[in-house]
Amino acid sequence: MTNKKFRSKKGKERASLIIIYAILILISLIWLIPFFILIIQSFSGGSGMASNTFFPKSWTFENYVKLFKETKFLTWYGNTMLVSVLVTAVQTVIVLMTSYALSRLRFKMRKPLMNVMLILGMFPGFLSMTAVYFVLKEIHLTQNLFGLILVYSASSAMQYYICKGFFDTLPKSLDEAARIDGASRHTVFVKIILPLAKPIVIYTILTAFIAPWGEYMFSSFIMLGDPDKYTVAVGMKSWIDNPTLASEYFTVFCAAAVVVSIPITALFIWLQRYYVEGVTGGSVKG
Amino acid sequence: MANVSLKHIYKVYPNGTKAVNDFNMEIEDKEFIVFVGPSGCGKSTTLRMIAGLEDISAGELKVGDTVVNDVEPKDRDIAMVFQNYALYPHMNVYENIAFGLRLRKLSKDEIHNKVVEAADILGITEYLGKKPKEMSGGQRQRVALGRAIVREPKVMLLDEPLSNLDAKLRTQMRAEIAKLHKKLGTTFIYVTHDQVEAMTMGTRIVVMKDGFVQQIDTPKNLYSYPANKFVAGFIGTPQMSFFEGTLKKHDESVTIKFDFSDSEITVPYSMLYKAKPAILDGKTKVYIGFRAEDVSIAEGEQEKGAVVNVVVSHREELGSETLIYGDLCGGSESAVNSKIIIKDSGGYDIKSGDIIKVALDIDKIHLFDKETEQSVLPRIPEYNYLDCQVKNGKLKFHGIECEMPSAIKCADVDGELLLPVNAIVFGGKLKADVKTCEQFNGINLLMLSLNGKRLFAVSSEKIEESTVNVGIDFKKITVVADSKTVIEPIPETNSFDCSFVKRKSVRSIEENGKTQNKKAVEFGFMAEGVFFGASDESAQKIFSALGVKNAFASQYRMECSIYDIEVSDSGIPAEVNSILDYGECKFLKCTVGKNTVYVKSDKEYGGKIFLSPNMDKIGISEKERDIKLI
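Those protein sequence lines, which keep their order, are chains A and B.
Each residue of the first sequence is one higher than the one before, counting from 161 in my numbering.
Each residue of the second sequence is one higher than the one before, counting from 2 in my numbering.
Isolated chain A (complex conformation):
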């Protein structure tokens, strides 16, 4: 008998786990380091971005004080919050209703409509920027936050795809049972489908909030020339456009970036438990 060496299954598993974790840690470092630099720089006492050391030489809270006291950041923050919240509300409602209609109702041109929306969605939105600007100008909505809300939520229906996919997985017989029980389409949607679609509602809210929160291109164009109407992205960009201003405002910029990231992080932490939770179990045989 040859003395063949068997590697234990356990050892093999451990080896592969070590490799997997090593790769994951490396990737997360690449992801996290810029964020750490941002946070650290926001507490840096020196000014300018040219720094020889990873950790700043002196620590200070001054950047945050300056941010709120000396700049228009708070106004911009309010602007952005207003736009994002309203866009989120409008977009969530439109996306959910469109998706439900496309998932459940059968009407003429349904397929072509879905395809057209999908293809249109593939073009970057800024292609239409000049045209949108002139249209807004005609209806006097340039340099106006509501103009921005209109632009952001106008194409909401095109986000139907993921949401419709989720609705498709909910059994149609639930709708039918409810309709026979006496519910109108609207009641079915509100009382049966929405409670079951919590994860996708959360997903829709999150994506709807994040997009306008960080959007730069449209708002820079529409709000051009009125610093009081800037959103955070446009305002902060104005600090680092000029090389002299940039070195003065760099640490403040970092502080602002940290403040900007707070709502999204909070929103995600609050909503993530619904995100994971599946609720369809037990509706039908399973």
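Any given hint could be a false lead.
If you anchor each label on the Cβ, the simulated ranges turn out as follows [unchecked claim]:
hint, chain 1, residue 1, chain 2, residue 2, range
1, B, Ser-108, A, Thr-367, 38 to 46 Å
2, A, Leu-278, B, Gly-65, 45 to 53 Å
3, B, Glu-576, A, Ser-344, 55 to 63 Å
4, B, Glu-111, A, Thr-367, 56 to 64 Å
It is worth saying that the hints were derived from the structure and are not from the lab.
Beta carbons are placed, not taken as given, at the ideal position from N, Cα and C, and that holds for glycine.
Let chain A serve as the given structure and place chain B on it in line with the hints.
Okay, now just chain B, sitting in the frame of chain A:
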């Protein structure tokens, strides 16, 4: 608590596929109807049309006395149980059952009482607080039933409610649903693909295949008198054994010859007298069917009767009985049409490969045409087939002579008389003895003896006398001589091609002393260039079936009975060819375009006349897809 009436119901999909074809049925109050058939036969679609979850392409659906074609599901007063239960997963059992009641805005106490009562009936009181996912399949199905019964609907619809349960639970729930039906006294419509469920639960069963209704009857009648080969094979386990073969009649006996084997049996003709004579020529191929319990291993005396030799291929022990599978002797192993299944009480030492003698119970034979697969051994025969002689305007058959009405002109011939069973009318000059009187679904089939010869007749009333006076309705008879039809019956219906049109008309209406011209749009049918106004109801039916655009573009066929069309001042122009005098009534034979039209008339007309059908009694069909609309 209502009857349901389906009239000419069709489901046609936009691509032209017909899922349900001309479904007609009257469902009585408190009946338990089962739709059964293989998957894709249209049974679920029909149920969903009754529920209002699918649009009805054409036809009329009534629940109680109201037409509900365009009524929302929630307003039809029906309840439905789904195959996958369709319980609302985020609500507990109590809320699930109460959901429908809450939408109907009942008071809290009322809801509570009803939910508790329903839960009590179904034995789910202890689960009221549970969520559906915490329950087993059987319990969930009970909740689904509870949700349906709590609203006290007029009609309960059940769409394969037991298919997701295991075999033991299914049997148990089957009994419970049957019990529930008795207790509630509601009309139940139940869809299943399982013929055992259908047979055990239904008061009547609808067998469907490829969108067509095959047969509607009680379980026992379906089993004993299947209308075609499909029903015969679908209903009953083990499946009926089919053989191809031919039948040949010699005087008073019939020889049955089985193909794919050397088996041949001879039986007295009296056992097959209802069979269509055309198949007894020894050439026409038929399917011969026997149920497993109607064939047995021959013993003693039986060996002389209808006995065939069978090679046993294998056997299945079922405990109380044994199924023996075999092939008719002389047949090839692979021939499907010589396989036979024998149900036996066991105790025989039979091994595979043995050759045994098997007795066939000819009283229980089933015969189906090979081409159409329809039964050729009907319970109520359509025609009496008799030899006859026409001489000097007199018809001679069964040794008697009848004067023919002047309408029938025929040279003297010897031929075959096809006398429909309903062409024998009571109260004529001929005296006949009543031999038997059998009743099937409200129709009485009489076997008469006329001059010592057999004659079938039907009557709506039960006849108890031993002799009756009968006559012959000459309108319905056919005489064939040398394979040529020499006397034809009058068709029952006339048909015209027509189109659906819109007509604008101006009506003068006097209002407050002023005469006002009001424009009105009228819908109607254009046949042979003549406009016939359609009722709003008819127009609505056509619009809902075809849509406004197609309604005017389609071609239609207008049908009316020969009794529902009359001669009038205006209407379809027609040319009278001849007047047919049948004694008690006269008919005008006219030509309209290329068609021949018959009209009942008391007066005699000649030359050109105008015909107008009774618009209340016409039938309208769409020509291209053959959909009966009105």
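Taking the hints in turn, this is what the structure says about them:
{"no.": "1", "hint": "B:Ser-108 <-> A:Thr-367: 38 to 46 Å", "verdict": "43 Å, holds"}
{"no.": "2", "hint": "A:Leu-278 <-> B:Gly-65: 45 to 53 Å", "verdict": "47 Å, holds"}
{"no.": "3", "hint": "B:Glu-576 <-> A:Ser-344: 55 to 63 Å", "verdict": "59 Å, holds"}
{"no.": "4", "hint": "B:Glu-111 <-> A:Thr-367: 56 to 64 Å", "verdict": "45 Å, violated"}
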